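Trainee: Please work from the sequences and hints to get the whole structure.
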Amino acid sequence: MRPPARLFRTKAIAGLTSGALLVFAALGAAGPAMGATLVINVQTSDGHALAGAVITVRPLDGAPRKPAAMHAVMDQVDRAFEPDLLVVPVGSTVEFPNSDSVSHQIYSFSPARRFQLPLYRGKPYPPVHFEQTGVVTLGCNIHDDMLAYLVVTDAPYFGRTNQSGGWSADVPRGRYHVVIWHPRLRDNAADLERELTVGDTDRADLTLRLAKALEPAPLTGRPHSWDY
Amino acid sequence: MMLRATALSLALLMVSTSVRAADWEVSLDTRLVNSDADRPFMDAGLGTVRFGRNDSGLQLGRARLALTQQLGELWSAHLDVSAWDNKDRSPVGATEAYLQFRPYPRAGYRFRLKAGAFYPPVSLENRAPGWESPYGLSYSAIDSWLAVEVRTIGMEAQLEWLGTRSGHLFDLGVTGGVFGWNEGAGVVLANDGFSLTDRQTPVFGRVGQPGVAPLLGAEPFLQLDHHAGVYAGVEARYLDRVVVRVLRYDNRADPTQIDNVSNAIAWDTTFTSAGVRVEGDNGWTVIAQWLDGKTTIAPPGLQLSWPFRAEYALLSRRLGRHTLSARYDRFQVDSGSLAQGGGWQDGHAWTAAYTFNASVHWRFTLEWLRVLSSSYNRQDLGGPLLATETQLQLAIRYAFGSAIR
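Each protein sequence line maps, in turn, to chains C and D. Counting from 1, one number per residue, gives the positions in the first sequence under the numbering used here. Counting from 1001, one number per residue, gives the positions in the second sequence under the numbering used here.
What the hints contain is simulated information worked out from the structure, not anything from laboratory work. The model shown is predicted, which means the values in this text are computed figures rather than measured ones.
Where chain C lies over chain D, by a calculated footprint (3+ residues, C-beta under 8 Å):
| id | stretch |
| --- | --- |
| 1 | 1122-1136 |
| 2 | 1160-1168 |
| 3 | 1239-1253 |
| 4 | 1271-1283 |
DMTMM-like cross-link-like pairs, simulated, lysine to aspartate or glutamate; straight-line CA separation at most 20 Å:
| id | chain 1 | residue 1 | chain 2 | residue 2 |
| --- | --- | --- | --- | --- |
| 5 | C | K123 | D | E1073 |
| 6 | D | K1087 | D | D1043 |
| 7 | C | K123 | C | E95 |
| 8 | C | K123 | D | D1023 |
| 9 | C | K123 | C | D75 |
| 10 | C | K66 | C | D154 |
Derived coverage of chain C by chain D (criterion: at least 3 residues anywhere in the stretch with Cβ under 8 Å from a Cβ of chain D; other residues may be distant):
| id | stretch |
| --- | --- |
| 11 | 104-118 |
| 12 | 140-153 |
Ideal Cβ placement from N, Cα and C applies to all residues, glycine included.
Mentor: Dropping the structure here:
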């Protein structure tokens, strides 16, 4: 017989009582000795699945592990960044091609990476290096309604929640620091961080319910040629 | 020979490169009109809409060519040329022509500079290319007046704090303009009053028929003294959903000035405008604009002022390729000194429009516009004091070019 699932409480109850964030981490039965599956679900304040939330997970035990740098692409399609959010390990390069017939001038003045890049049609540009962790907000100096984010992370486990608001990764047993981020979050940053122990189970679940409603999503369907 | 061929191919390469870099757009807007209105201001009448009863039938709405050329990374040039065919003496004119300097934002702030001829930042309705309204054909009374008489011929600087690009919900901006050649602004308002039209006076163009009352071919774009006009405004945005704009304009004309050759008078015009535009989910848009000002002339032995005021509220809903809009306008021009030649106008208007964007190239708009007005000047020239004018237009617009997509 398996041991009963126990409620993981760190800030979970505090979150419940203060109206901040609800955290339920249920640790299941014992699994393989090597590790377990970490499953994280993110819900909006009204209980709907939050797709596209960025999850970063860092182990608290053992030597710090850095993710391998990668090469990513953020294209410009129909006067919009495609995709409009990328999570990349620190040290990665990102290429910004322009598939539009019009020129773009992308920029960031975020402390994690300040840069500006004119993107004329059909002309390739060298990729941009991201050597510092943080959120990089991208805009276009010609098209004010263009907006995108790059999350540069040193966490060995990262990703984005799927349409059901879920994300999972296979991790060794141990203690982990989980951080949730989304461009439209209004919760305090401190309420979006959790510690979690993956113990003698084959699966660890963490459900995060936001305390505050999201900011409104960017408007869609508005012609790009209109004044912003 | 070889050298000449090389030079020629180099020149061709440069031309093709620069042509490729320019974004261009051509559009042709034709109208089927049914109107019971008085003759419009361009036809020496006091009608309050663009087409009068004699104009019912097929009309040219607008033929437009726009060019935007990048000049290096930070500068661009924009030219907007149109033909309107409203009894115009010059068939083609530029409604806007300017250079723009757009450096990249630094530390959350962005600076922009415009030089040339362009609209001051007042309208929240005319946000489509060519300073057109995507919510219908006829502009509000406020924006129609700007289209007819007001243009910045000078420079405008704008400084914005881009809060939405640094984790905040708001952007804030301040704008200042210095301009000349707008000392005729006010002449149409004082003589004709407000109207609801979409005919934009080309820069340095004339309004009305020369020598024919009431406008006598008025020239809004005049400079008679050495004073530069100024305006200053603020703008605040909440995400991409709400825009609030306030602007104070003063053309600083010396109202005692008269041009010795043309007898044109300087119109000292000031106004304050304020507006808000709210866009929500499901394609809803609400716009409200308000404008309050005064224009004054003081030729020898005379001092006349016309306070003016207009406001409107617009409600629109975009459903895919369909847009339904309704607008209510109110406007008033007053002069307390009838004995000296002043007059007044008072009115309100309802506009209902349906637009079908069939493709990026084809657009169809059906618009019904009814204006109810009382006008001292109209009665003074033998017309009725009170008038109800109704104009129905079907517009078919075709656009093409590299900027269309």
